[in-house]
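Chains as they are written, first to last, in my numbering: chain A, 3 to 262; chain B, 16 to 285; chain C, 534 to 903.
A portion of the hints provided could be inaccurate.
Beyond 10 Å from chain B on every Cβ pair, some chain C residues (computed) [stated by the list, open to error]:
| id | residue |
| --- | --- |
| 1 | 565 |
| 2 | 566 |
| 3 | 630 |
| 4 | 633 |
| 5 | 685 |
| 6 | 739 |
| 7 | 741 |
| 8 | 745 |
| 9 | 749 |
| 10 | 893 |
| 11 | 903 |
In silico negatives: residues of chain C with every beta carbon more than 12 Å from chain A [claimed, not checked]:
| id | residue |
| --- | --- |
| 12 | 547 |
| 13 | 553 |
| 14 | 560 |
| 15 | 868 |
Pairwise CB distance ranges, derived in the manner of DEER restraints [as the list claims (entries may be wrong)]:
| id | chain 1 | residue 1 | chain 2 | residue 2 | range |
| --- | --- | --- | --- | --- | --- |
| 16 | A | 124 | C | 861 | 30 to 36 Å |
| 17 | A | 209 | C | 551 | 33 to 39 Å |
| 18 | B | 199 | C | 799 | 58 to 64 Å |
| 19 | C | 819 | A | 132 | 26 to 32 Å |
| 20 | A | 123 | C | 565 | 35 to 41 Å |
| 21 | B | 273 | C | 613 | 25 to 31 Å |
| 22 | A | 155 | C | 710 | 40 to 46 Å |
| 23 | C | 816 | B | 262 | 37 to 43 Å |
These are calculated hints, taken from the structure and not from any lab test. For glycine and all other residues, C-beta sits at the position ideal for the given N, C-alpha and C.
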Amino acid sequence: MTVPLHVLNEGDPDGPLVAFAHGLEDTWQSWRPLAEQLGPRRHLVALDLPWRAGNDYGWRRRSPAHWLRSGLAALPRTPDVLVAHSFGGNAALQLLCADEPLAGHTVALICPLYRPPGRPVTWALFDRSRETFAQHIHDGLRTRMGSRAARVDAGLLAAMTDLAIERVGPAGFLTVFEQYLATADLSLEAVDRPVAVLAGGADPTLTPKAAEVLAAGMPGGRLHLRDDYDHFCHLRHARGIADQVADLVRLARATTGTAG
Amino acid sequence: MTTALYATGWSLHLPGADLSAAGTGKWARTEAATADRAATLLGRKGLLSKDPATRLALCAVHRALGLAPGRHPVPEPLPGTAVVACSNLGNVETVARVARTVAEVGGRAVSVLDAPGVSSNVVSSAVALWFGFGGPNMMICSGARSGRAGLRTAALLLAAGRADRVVLVGVEPADEIALALHAGAPPLRAGAACVVLTAHPGPLAVHSRPPLPAAVPVPSGPVDRWGDSYGARDVVTLALAAHLVADEGHGPLAVGDPDDEPFAVIGGAS
Amino acid sequence: MPALVTGSAVRTCLGDGRRTFAALLSGACGAVPLRHPARARLNVSHGYHAAGTGPFGAARMLSACVAEAAAASGLDTDRRRVTALVGTGLRELGAVEEFALSGVRPPRSRLHFAEAVRRVLPGVTDVITVSNACSAGGHVLALAEDMLAQGDADAVVVAAADTMTQSMLAMIGRVSDPPTTRVRPFDRDRTGVLLGDGAAALVVEPADASGPALARVAGTGLSCDARHETAPDVDGICRAMRDAYARAGREPAETDLVIAHGTGTALNDPAECRALRAVVGAAGGSPLITAVKGAVGHTSGAAALVNADVAIRCLATGLVPPVAGLRTVLPEGAGLRFAVEDFVGLQPRLVQVNAFGFGGVNAVSLLEAP
């Protein structure tokens, strides 16, 4: 199993390289709206990670970080910015805490899963995570349908959600849940490269409070929080997210001395 | 509105049946080859893998087209000629034999030559392939009323301009499986019949939709004595009526069950 | 002649119409290890089984679909002459096999589907069973259009059903070695076809019918290859496509979606690609192509109407399911656009639905929003 790469924009030969890592039950194609906002000069590459929509969870034998790393290793060079969403952001967090150089000169983490260390692991948390997970699948489907979601009857969407949850199965969910639990033990203090944590007030997955703890725990971290951002803000607010990525591109080019 | 169809050819191919009883004139003396001896009419080439029902159907079509004995070169597919075949038991022996082979020897012992026959449209598609008929191809498996459904289908294909000629053929075999499935009814008659239909005005009109012109029924006694042609029965009766009207000087004849409204009238003003 | 579809129902291994479409959009594959007593002897390891099959399962699925579609369309058999046309590839030949093996004789009236339809639609004036292999559903849809055009019926229930027979499974086992585990339409590495249980029913009414409709059938073209007993023929397929466009009075370039036959066999998929290129591509069309048999298997006689139901749902939602099982497009598909991996947002104007069968019988339908 390899991690295919999809070029969203060729860009200039010496232009900045931005790599994208999608979330669980999502697809590399979800980066298109953001890519369109990032202009013609930048070289934009989306990783097609094994936790894509419709997958059979055979990737669970290896860590998410392993898969992300093997995708990044196939890039022509270290990306100026790694943009990672949700579960893809968790894979990036693991690489960052291991101080993996391939994980980008700068990183944008959009709504990763994060459990602040003080938060106890209870059945209530488990139940809430299950609900959030189902909601996440449902919202992800709606988001991927775009404007057509309005024409899709609720029963069809519910059936698709049920099918996805059935396919993920308890084992798949537990993998995600354990990833989430383990975030409390990450060595965030090792992360000294610039990392922007992008989060929203309307996201049930990463609460503003948790996002704040996460950003504050990383020496290179800074928080960009907006009340109207939800879990799929890179699709719904592609313009605003693109501005954040552009800031990181400039920062990366400045620190690596390649800014032209 | 009465849909006017015209018959340009017709045949009965009922091996072993005594046709003289039906007052069939010159037909009474025609021999109908059994499925085993179909090569005498059709030629040998390509016949080996054909099941008995397909052979009988090919014989009936061959005769309805007025072809001389022997294999005729297959032309490029004629898109204007459609085939409507009617049969219920045509492929049951093949299906049963394949199932028994699987059970007794295993799937690998099954012959791929039987592949066409496990699908129920083997008769209609074999007729198309044999004579090069590239128009719509329909296999009606609708029980005893298959033939009238076939005639209705033929009329639709012509009216819709899907074909300018329809070869309507009915056939049933009388193998062990077919006989057993047909048990409890009058004895099954192996044989086929064919009527070639067009929408171009011709001497023999076939009325297939009510109100039908006044007509006397086709004599049913001989048809009953030949045995039950089941899915082919309506086509047998149609072909007989066509023959009696066109070749033996009968007036218009109504075709159908004695107790019901006829489903067609052969002959008379169109 | 155009006609309106006012009701539609299907049953596949993935469930009813909505469940099936949801699963198609999700990229699901319904193949499971073959549940057949003779499995070990057949060299067929997998199949796409629907719930509730078994003896006379085709008739049961058919009844369920006819009842659902008739209810959805508000079909009134008291005041209108309704004919039912049932397409099937294998009828209830499973019962004939059972008879051959165990001596349990089926009533011959149950080898066709008049009883199955009348049970749920007692007022129907006529039931005709058309056994036209894998394109039976498309053939009965064509006949329904002709019946409505000729005033031969006020409404037509167009239905189709098939379950697996041992004899057809044996033939599939003879030509696939090693056995196929899933159908992969249009894939370079496809390994052949598998059967799927399936049934479907559409209620079709004249183009001027009042009331809500699901789709308009612009026309259906038919042809017979008359070239080979079992192998497809590009010329024959092209004739059916051209006939469909001529009847509908439409141009191939207008088509923006094709629900392909796509059986995943060595011969069908290249032939279908060549025909699409010759008829649609050559006329300037560049439609998105999808196929469902990777998800639901080959539902034989029901395949055309299962495809039609999918087309109707694509028209309604603006979402097109990907070809389940397609990873690398076959060489003959170069230049054609396939829906892969994920569903595609597309509001089709004209949808071409293909079905080709044993014996070279081809049916191509064109559907559009009502």
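So, going through the hints one by one against the coordinates:
1. With 10 Å as the threshold on Cβ separation, the claim that residue 565(C) sits away from chain B holds: the shortest Cβ distance comes to roughly 19 Å.
2. Residue placement check: residue 566(C) keeps its beta carbon more than 10 Å from all beta carbons of chain B (closest about 16 Å).
3. Separation of residue 630(C) from chain B is inadequate, the least Cβ-Cβ distance of about 4 Å not exceeding the 10 Å criterion.
4. The claim that residue 633(C) lies off the interface is violated: its Cβ sits roughly 3 Å from the closest Cβ of chain B, which falls inside the 10 Å cut-off.
5. With a closest Cβ-Cβ approach of about 7 Å to chain B, residue 685(C) is found to fall inside the 10 Å limit, against its non-interface label.
6. Every CB of chain B lies more than 10 Å from the CB of residue 739(C), the least distance being 14 Å, so the non-interface label holds.
7. No beta-carbon of chain B is positioned within 10 Å of the beta-carbon of residue 741(C); the least distance is around 18 Å.
8. With a closest Cβ-Cβ approach of about 27 Å to chain B, residue 745(C) is found to remain outside the 10 Å limit, as its non-interface label requires.
9. Every C-beta of chain B lies more than 10 Å from that of residue 749(C), the closest at about 18 Å, which supports listing it as non-interface.
10. The Cβ of residue 893(C) sits about 6 Å from the closest Cβ of chain B, inside the 10 Å cut-off, so the non-interface label is violated.
11. The claim that residue 903(C) lies off the interface holds: its Cβ sits roughly 22 Å from the closest Cβ of chain B, which is beyond the 10 Å cut-off.
12. A cut-off of 12 Å between C-beta atoms contradicts the statement that residue 547(C) is not in contact with chain A; the least separation is 9 Å.
13. Chain A draws residue 553(C) into its interface by the beta-carbon criterion, the shortest separation being 9 Å against a cut-off of 12 Å.
14. Distance to chain A contradicts residue 560(C) as a non-interface residue, since its nearest Cβ pair spans about 4 Å, not more than 12 Å.
15. Every Cβ of chain A is farther than 12 Å from the Cβ of residue 868(C); the closest lies at roughly 20 Å, confirming the non-interface assignment.
16. The given range of 30 to 36 Å is broken by residue 124(A) and residue 861(C), whose C-beta atoms sit roughly 47 Å from each other.
17. Evaluation of the 33 to 39 Å hint for residue 209(A) and residue 551(C) yields a pass: the beta carbon distance comes to about 35 Å.
18. Distance hint check: the CB atoms of residue 199(B) and residue 799(C) are about 45 Å apart, inconsistent with the given range 58 to 64 Å.
19. With their beta carbons about 44 Å apart, residue 819(C) and residue 132(A) fall outside the hinted range of 26 to 32 Å.
20. Take residue 123(A) and residue 565(C): their Cβ atoms lie about 37 Å apart, and the range 35 to 41 Å holds.
21. The hint said 25 to 31 Å for the Cβ distance between residue 273(B) and residue 613(C), and at roughly 30 Å that hint holds.
22. Separation of residue 155(A) from residue 710(C) is about 44 Å and conforms to the stated range, judged on CB atoms against 40 to 46 Å.
23. Taking the beta carbon of each, residue 816(C) and residue 262(B) are about 50 Å apart, not inside 37 to 43 Å as hinted.
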